[in-house]
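First to last, the protein sequences are chains R and Y.
Here the first sequence stands for residues 9 to 408, numbered as in my numbering.
Here the second sequence stands for residues 232 to 517, numbered as in my numbering.
No wet-lab data here; the hints were simulated from the structure.
The structure presented is a predicted model; accordingly, all values stated were derived computationally and were not measured.
From the three backbone atoms N, C-alpha and C, an ideal C-beta is built for every residue, glycine too.
It cannot be assumed that every hint is accurate.
[What the hints assert, rightly or not] Partial chain Y-side listing against chain R, Cβ under 7 Å, derived:
| hint | residue |
| --- | --- |
| 1 | 238 |
| 2 | 308 |
| 3 | 341 |
| 4 | 343 |
| 5 | 344 |
| 6 | 346 |
| 7 | 362 |
| 8 | 365 |
| 9 | 391 |
| 10 | 394 |
| 11 | 419 |
| 12 | 441 |
| 13 | 488 |
| 14 | 489 |
| 15 | 496 |
| 16 | 498 |
[Stated by the list, open to error] Calculated from the model, a selection of chain R residues having no Cβ within reach of chain Y, i.e. all distances over 12 Å:
| hint | residue |
| --- | --- |
| 17 | 179 |
| 18 | 204 |
| 19 | 242 |
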Amino acid sequence: MKKLCTIAAAGMILATSAFAADDTLTIGFTVSQTGALNLDSVAQLHGFEMWRDEVNAAGGIKVGKRRYTVRFVSYDDQSQGGRVQQLYTRLIVQDKSQFLFSPYSSGLVATAAIISEQYGKLMLTTGAAEAKTYQLGNKYLFQLYTSADHYLTGALDAVKSKSPNATIALVYSDDPFSKAVAAATRVQAGERGLKVVLDESYPPNQTDFSAIINKIVSSKADALVGGGHYPDGATLARQIYDQKAGLKWMTLLVAPDSPQFASLGSAAAGVSVPSQWAPQVTYKPDFGPTPAAFAKAFEKKYKIPPGYHAAGGYAGGLIFQHAIEQAQSIDPEKVAASLNAMNVTTLFGPTKFAIDAKNHGLQIAHEMVLTQWQMKGSKLVKEVVWPTSAQTAPLAYPYR
Amino acid sequence: MVGILASIIDGVLVGSVYGLAAMGLTLIWGVMDVINLSHGAMIVAGMFGLFYLTSMLGAPVYAAIPPILVAGFFVGVCLYWIAVHRVIGRPALMSLLATFAVNMVLIGLGTAAWGTILFNVPVSLPGITWQVYTFTGTHMMAAFLTAVIAGLLYLFLHHTRTGKAIRAVAGNREAAELNGIPTTQVLSLAFGLGVALACTAGALIATLFPFTVLSGSAYQLKSFVVTVLGGLGNPAGALFGGVALGLLEGLATPFMPVSWTSVIEFVVFVVVLIAFPRGLFNLRRP
């Protein structure tokens with residue numbers, strides 16, 4: 009009798025663990041916990057985690073009569089492409105990830121996408137705007153962000169509306185994302201009749217911008233557009249302020265979106281950033297929380313207001329969840345078909361993926377806004393200033 | 232033309248701070264033939280020292296420099312006894328690996344403590360505007376303090392008994408020992424001095440630019456270029472080497488993309504190593 013009980017107990021334990029394993033959905037990804045991309049990548053991670061915690065608290069993702077609990081497997085990629093290549097292979101082969109989130113930044117995603125496609129794993133990219141990666145015939149790659157070609161369109165339109173003959177200094181980091189943005193901006197400035205009087209890149213690890221700022225001053229540019237990621241963008245903004253560069257407008261990529269940018273104090277005032285999302289947007293989601301509800305919950309959890317990287321991370325989770333629920337399956341082919349057919353609005357805005365072979369997975373519905381740090385009394389506040397239909401405050405031009 | 236001059240002046244101002252950072256590296260090499268690969272981590276330690284003294288304790292920015300210099304000295308002496316003393320006189324690779332290991336430990340600890348986010352020390356000093364170009368007060372103050380510290384170092388090395396002892400050990404350790412100089416203590420003192428200079432340079436750089444835990448490697452690399460320009464083991468040459476590097480950067484950038492400056496720097500580095508292995512300014516060793 010004792011033996012029988014032992015065998016029955018062992019059987020129950022095995023059955024329970026097998027059942028638990030079946031009802032867990034593993035999503036793998038890398039995070040830049042260290043290195044130059046750390047700040048934005050960790051913000052994105054917070055978005056992922058918040059979505060996971062909410063889904064699991066609600067009982068998991070519902071597929072038929074089953075509910076899948078979400079489990080994350082992630083590693084620090086140290087902001088390095090070489091690490092991404094190793095770690096995505098590990099995530100797929102050793103950790104048996106069923107789905108993948110992308111690393112942060114276009115450069116790292118280009119590397120990760122090679123691995124995910126090789127193994128036929130579905131990867132949703134959040135934080136990878138360069139369009140080129142989605143034009144290589146990939147089948148399992150889906151982009152949440154508006155592509156890099158449109159990052160500075162709003163900034164050029166805003167400048168044009170205030171100063172039709174403004175001259176532009178295009179100064180950008182020598183990384184894949186920033187170069188893709190700059191290539192499109194060069195063309196778009198020409199189309200708008202805005203003359204580019206300085207067109208210069210700098211190494212991503214640049215620490216001293218004095219020489220570049222002297223070039224900007226010599227060019228007599230009215231507006232500076234460009235930048236790269238957080239460390240270089242924040243340093244450039246501070247030095248522009250210190251050296252009183254005499255600009256009327258400054259839009260930098262990525263860096264000013266982070267709440268930490270306000271730590272630059274007066275140097276942050278007036279600086280604008282193309283943003284994939286802002287807490288003030290008024291999208292009416294088809295599912296998930298409203299932008300305001302998300303922002304409130306995020307701030308309560310992390311004691312910091314969410315930027316677009318955090319919102320993008322959260323929305324990435326929502327999109328995966330919706331695709332799985334629509335497919336009523338966790339089979340990658342069925343979920344991919346569900347993503348191909350998707351045309352929805354979340355707190356992050358509209359989402360629809362290109363399905364033609366040439367651009368498969370490219371985001372075609374999402375739109376960007378332009379936000380600007382403005383001084384309200386003694387406090388820096390980020391306001392949506394473009395397009396005018398989404399404005400929460402008038403554009404400050406000249407910016408300082 | 233004014234733009235080019237402005238670029239040169241900016242280059243020289245920043246270059247002098249690079250020179251100060253390199254003085255620590257070259258002093259240690261000159262006295263004990265050790266290439267200190269933890270130099271970058273010490274520069275970062277100075278940056279964080281300034282950040283915490285000003286933001287947590289509310290110390291005025293420039294008043295925080297002397298305590299950082301003193302703390303850097305004691306940290307350097309400790310480091311010498313922990314990691315360097317046992318490898319003095321052994322093959323160069325051993326001291327290289329020992330200081331590299333210290334560097335990795337310190338960077339690892341720093342990354343664990345602060346991550347790699349950007350820190351900023353807000354400094355407000357009036358600058359000078361010449362036509363449309365502004366030379367910031369922080370740049371000028373950093374260059375001025377560098378000159379003061381370099382002058383004090385010169386006086387210390389040439390006009391004090393301890394300084395003369397350091398120079399004697401650098402010249403011939405055995406002869407110095409025979410003359411009753413406690414060379415081991417002098418070596419630890421020189422290492423402490425080198426680290427103190429690195430920390431001070433780090434603190435001054437933090438008044439100019441925001442920084443992360445990983446910022447040290449870029450300045451360490453510049454320190455190597457400056458050291459080679461000025462002559463290995465020659466602190467005065469390092470200062471001139473820093474100014475020369477700044478001058479080169481300032482001269483090059485108006486005529487070519489900024490991305491090319493590091494290419495030019497390292498071409499000059501190789502040329503000087505081959506054509507002037509004792510450096511461009513090796514007038515006198517310490």
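Going through the hints against the structure:
The interface hint given for residue 238 of chain Y holds, since its Cβ lies 5 Å from the closest Cβ of chain R, which is under the 7 Å cut-off. With its C-beta approaching chain R no nearer than about 29 Å, residue 308 of chain Y sits outside the 7 Å limit, and its interface hint is violated. Annotation: interface hint on residue 341 of chain Y violated; nearest CB of chain R at approximately 10 Å, more than 7 Å. Interface restraint check for residue 343 of chain Y: the shortest CB-CB distance to chain R comes to about 9 Å, outside 7 Å, so the restraint is violated.
Using the Cβ-Cβ criterion of 7 Å, the hint placing residue 344 of chain Y at the interface with chain R is not satisfied: the shortest such distance is roughly 12 Å. Taking 7 Å as the C-beta contact cut-off toward chain R, the hint placing residue 346 of chain Y at the interface holds, the least distance being around 6 Å. Below 7 Å, beta-carbon pairs count as interface contacts, and residue 362 of chain Y has none with chain R, the closest being about 9 Å; its hint is therefore violated. With a least beta-carbon distance of about 4 Å to chain R, the hint placing residue 365 of chain Y at the interface is held under the 7 Å criterion.
With 7 Å as the threshold, the beta carbon of residue 391 of chain Y stays out of range of chain R, its nearest partner Cβ sitting at about 35 Å, so the hint is violated. Interface restraint check: residue 394 of chain Y against chain R, minimum CB-CB distance 33 Å, threshold 7 Å, status violated. Here the hint on residue 419 of chain Y is broken, as its CB sits about 32 Å from the closest CB of chain R, past 7 Å. Because the beta carbon of residue 441 of chain Y sits about 5 Å from the nearest beta carbon in chain R, less than 7 Å, this interface hint is met.
This hint holds: residue 488 of chain Y has a C-beta 6 Å from the nearest C-beta of chain R, less than the 7 Å allowed. With 7 Å as the threshold, the beta carbon of residue 489 of chain Y comes within range of chain R, its nearest partner Cβ sitting at about 5 Å, so the hint holds. At about 12 Å, the closest approach between the beta carbon of residue 496 of chain Y and any beta carbon in chain R exceeds 7 Å, and the interface hint on this residue is violated. At a threshold of 7 Å, the smallest CB-CB gap from residue 498 of chain Y to chain R is about 16 Å, leaving the interface hint violated.
At roughly 9 Å, the least C-beta separation between residue 179 of chain R and chain Y is not larger than 12 Å, which violates its mark as non-interface. Against chain Y, the non-interface label of residue 204 of chain R holds: every CB pair exceeds 12 Å, the least being about 15 Å. Listed as a non-interface residue, residue 242 of chain R fails to keep its Cβ farther than 12 Å from every Cβ of chain Y; the least gap is roughly 5 Å.
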